[in-house]
Amino acid sequence: MEHTTLESYEKEKTRLLAGGSIERAESLLRGELILKKFNSVRIDEPDWGIDPFSDRNWLWRYHQLEFLPDLLKAYNQSSDPKFLEESCRWINSWIDANYLNTPQSVMAWHDHATALRLQHLILFQQTAGEWLTDDIVPQLEFVLANHCRILADPSFYRFSENTNHGFDQMLILLISANLLIGFEESNEWGKLASERLVNEIQFAFSDGGIHVENSPAYHQYMMIRVIRARDTLKSLGVEVDLNFDKILSKGVEFLAWITQPNGKIPTIGDSVSIPTLINLGNLVDCPSSEYLRYVCSGGQLGSPPLNEHFFFLDDGWAVFRSQFSKSSEFKTSIQLIMKSAFFSNWHRHDDDTSITLHAFGRRWFIDTGMYNYYEKEEKRIFVRSVLGHNMMILDGVKVTRNSKEGRKNTRMWQSDDEGKIVCASTDIFEGYRLQRSVEKVSEMVYRITDSYSLLEGSSELDDVWVQFHLPLDIQASIKGDFVELSDADGNIIQLIMNSHKSRISIHSGSYKGVIHSWNSTQYGVGEDSQVIRFHLPNNQLKSIIDVNLIRGENDE
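Here my numbering is used: position 105 in the sequence shown is 105, and no number is missing along the way.
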């Protein structure tokens, strides 16, 4: 079957090969398979029924043939055919086990793994070039075409429509369709993919330019993909009704504000702690690209913003920052984020009104992060729950995570003209409405006011508290009516209750099988943390806490 190499694909090919690892390729030749984020697995012969880590993410990577870019990068640099031969061995084995016979794993035709496997098989075809003859991988062309047919099938796509999976499916289908010109359906696949891709982009980003799946890490992930989609459509000469400049400029602006002073993505929602990509600022021509370069470089490049806050009110995000008098001070500057957004059930945490705080070069109020995607696993349940976030807790009240009314009943607004006060409310607890305001009283003082009100049919509660999660290496001491937090550099944060006196408690890790505080910054791993709880007196509906930040002499 005839296939072609498009000049427009060369950039995509370069990107995929850049992500490969020659070291991992060499290991695979020795029978050691290494997938990203996981330790090596001894595999002398391909086995598609294994699950060595009992981990869905490992299976997802395995069945998308994630290791093919490793082998192809090694071939591209060495011209040694042994790397192509090893690629063929694995491809033929996968085809035999999961295409020609009954699939050996539920992940073999997973909605996302299927699209990413097509991407890697196309990369193999385009890299192998004339070396690849019909007798080396006899069924390859037909397997590629069948992947395209599956992705185009409405009954397959409907499970992924308007998600990051559906976005990847259509982008990869668009690229593949324009390479597999020997199939009569290729024009139809390309047209369908471009139409669906437009719909995916329009749904994926709010009018404010923020990705709707509740996570800064996914926002960055999708920004990269929108840039790929823009460049792919342009290279193919496909015109679509999308204002890419508007979408990307707003998306860069959000990314710049949400990035912590340490240059990393905050672990809010299903996020891991990864660096914000400074090169995104080079790919999008807009004023906020200068600020993105500033935050990613720790104040060494670009230029700082003109104001000290940015409220994405319609999207449920508010960011306060300290003044930038010197670029050298940026890494130890103050950033407080409040999130109260409900645009999608995908990757949703019960974190409406939750806040995080980064100051003096470190995290203080921390979010729980992603951990993994096993929704019934104890720690995964905790990191997504209200108990894992910095907010008012109505103990024992049912939480409505998947309510179709979520967006309607989750709001954020500004209550002053100077940008010093931002408020949010949510009906996340059934029968009750939470409201939180964050006021920047001064450069080093924030006031957090929480309250709950009763909706129809509900009654006052006896067990309510406001909580803040902290890393274990922060010293927390109860001093009468307030809590003092300190780090090894002498920085101090005082949490002072200004409403009626309340009982204060400190908990860490787990106790008697109950998780009190735990967080994850990287996939699959995590650690104990600690939580400060301000317990409201019975029937009290309101809490006012001042957060006083005191910079230590060692941090000057």
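Calculated directly from the structure, the hints in this document are not laboratory data. Here the structure is a predicted model, which is why all the values come from computation and not from measurement. Note that the Cβ used here is the ideal one computed from N, Cα and C, for glycine as well. It is possible that some hints are incorrect.
[Unchecked claim] The calculated PhoX-like cross-link candidates involving lysine-lysine, where the alpha carbons are at most 25 Å apart (straight line), are: (1) K542 <-> K420; (2) K264 <-> K376; (3) K11 <-> K246; (4) K379 <-> K37; (5) K379 <-> K420; (6) K479 <-> K501; (7) K512 <-> K542; (8) K542 <-> K36; (9) K37 <-> K13; (10) K13 <-> K331; (11) K479 <-> K542; (12) K326 <-> K264; (13) K479 <-> K379; (14) K36 <-> K13; (15) K11 <-> K191; (16) K234 <-> K264; (17) K398 <-> K512; (18) K264 <-> K37; (19) K512 <-> K376; (20) K246 <-> K191; (21) K37 <-> K376; (22) K36 <-> K11; (23) K398 <-> K376; (24) K264 <-> K331; (25) K379 <-> K501; (26) K376 <-> K36; (27) K36 <-> K264; (28) K420 <-> K331; (29) K246 <-> K234; (30) K326 <-> K420; (31) K542 <-> K398; (32) K82 <-> K36; (33) K512 <-> K379; (34) K234 <-> K11.
[As the list claims (entries may be wrong)] Distance windows between CB atoms, simulated: (35) G509 <-> R401: 20 to 30 Å; (36) G19 <-> V514: 34 to 44 Å; (37) E290 <-> K234: 46 to 56 Å; (38) P154 <-> G396: 26 to 36 Å; (39) S510 <-> Q104: 47 to 57 Å.
A quick look at each hint next to the structure:
1. Restraint check for K542 and K420: satisfied, since their Cα atoms lie roughly 20 Å apart, inside the 25 Å limit.
2. Straight-line distance between C-alpha atoms of K264 and K376 comes to about 29 Å, which puts the hinted pair past the 25 Å bound.
3. Distance restraint check for K11 and K246: the Cα-Cα separation of roughly 24 Å lies within the 25 Å cut-off, and the hinted pair is therefore satisfied.
4. Proximity of K379 to K37 is assessed by CA-CA distance (about 19 Å); at most 25 Å being required, the pair is judged to hold.
5. The straight-line distance between the Cα atoms of K379 and K420 is roughly 36 Å, outside the 25 Å bound, and the hint therefore fails.
6. The straight-line distance between the Cα atoms of K479 and K501 is roughly 13 Å, inside the 25 Å bound, and the hint therefore holds.
7. Straight-line distance between C-alpha atoms of K512 and K542 comes to about 30 Å, which puts the hinted pair past the 25 Å bound.
8. Distance check on the hinted pair: K542 and K36 sit about 47 Å apart at the alpha-carbon level, beyond 25 Å; violated.
9. This hinted pair checks out: K37 and K13 have alpha carbons roughly 23 Å apart, not beyond 25 Å.
10. Of the pairs offered as hints, the one joining K13 and K331 is violated, with about 36 Å between alpha carbons and a cut-off of 25 Å exceeded.
11. For a cut-off of 25 Å, the pair hint linking K479 to K542 stands: about 22 Å separates their Cα positions.
12. A distance of roughly 20 Å separates the Cα atoms of K326 and K264; the hinted pair therefore holds under the 25 Å criterion.
13. Proximity of K479 to K379 is assessed by CA-CA distance (about 31 Å); at most 25 Å being required, the pair is judged violated.
14. As the CA atoms of K36 and K13 are separated by approximately 19 Å, the hinted pair is consistent with the 25 Å bound.
15. As the CA atoms of K11 and K191 are separated by approximately 21 Å, the hinted pair is consistent with the 25 Å bound.
16. A threshold of 25 Å between alpha carbons decides the hint, and for K234 with K264 the separation of about 31 Å lies outside it, so the pair is violated.
17. The suggested pairing of K398 with K512 holds, with an alpha-carbon distance near 22 Å, which does not exceed 25 Å.
18. Using a Cα cut-off of 25 Å, the hinted pair K264 and K37 holds, with the two alpha carbons roughly 18 Å apart.
19. Restraint check for K512 and K376: satisfied, since their Cα atoms lie roughly 19 Å apart, inside the 25 Å limit.
20. With a C-alpha separation of about 24 Å, the suggested pair K246 and K191 falls inside the 25 Å cut-off, and the hint holds.
21. Only pairs whose Cα atoms come within 25 Å are accepted, and K37 paired with K376 is accepted, the gap being roughly 21 Å.
22. Using a Cα cut-off of 25 Å, the hinted pair K36 and K11 holds, with the two alpha carbons roughly 23 Å apart.
23. Pair hint K398 plus K376 holds up; C-alpha atoms about 17 Å apart against a cutoff of 25 Å.
24. Using a Cα cut-off of 25 Å, the hinted pair K264 and K331 holds, with the two alpha carbons roughly 11 Å apart.
25. A C-alpha spacing of about 33 Å is found between K379 and K501, which places the hinted pair above 25 Å, so the restraint is violated.
26. Restraint check for K376 and K36: satisfied, since their Cα atoms lie roughly 24 Å apart, inside the 25 Å limit.
27. Using a Cα cut-off of 25 Å, the hinted pair K36 and K264 holds, with the two alpha carbons roughly 20 Å apart.
28. Restraint check for K420 and K331: satisfied, since their Cα atoms lie roughly 23 Å apart, inside the 25 Å limit.
29. Between K246 and K234 the CA atoms are separated by roughly 16 Å; this keeps the pair inside 25 Å, and the hint holds.
30. Between K326 and K420 the CA atoms are separated by roughly 22 Å; this keeps the pair inside 25 Å, and the hint holds.
31. Between K542 and K398 the alpha-carbon distance is near 20 Å, which keeps this suggested pair within the 25 Å criterion.
32. For the proposed pair K82 and K36, the alpha carbon gap of about 22 Å is at most 25 Å, so the pair holds.
33. Distance hint between K512 and K379 is fulfilled; the C-alpha atoms sit about 15 Å from each other, no more than 25 Å.
34. Between K234 and K11, the direct Cα distance comes to roughly 12 Å. Compliance with the 25 Å bound is thereby established for this hinted pair.
35. With their beta carbons about 25 Å apart, G509 and R401 fall inside the hinted range of 20 to 30 Å.
36. Under the hint 34 to 44 Å, the C-beta atoms of G19 and V514, about 41 Å apart, fit the expected range.
37. At roughly 24 Å, the beta carbons of E290 and K234 sit outside the given window of 46 to 56 Å.
38. Range check, P154 to G396: about 44 Å between beta-carbon atoms, so the 26 to 36 Å window is missed.
39. Taking 47 to 57 Å as the suggested C-beta distance range, the pair S510 and Q104 does not conform, at roughly 37 Å.
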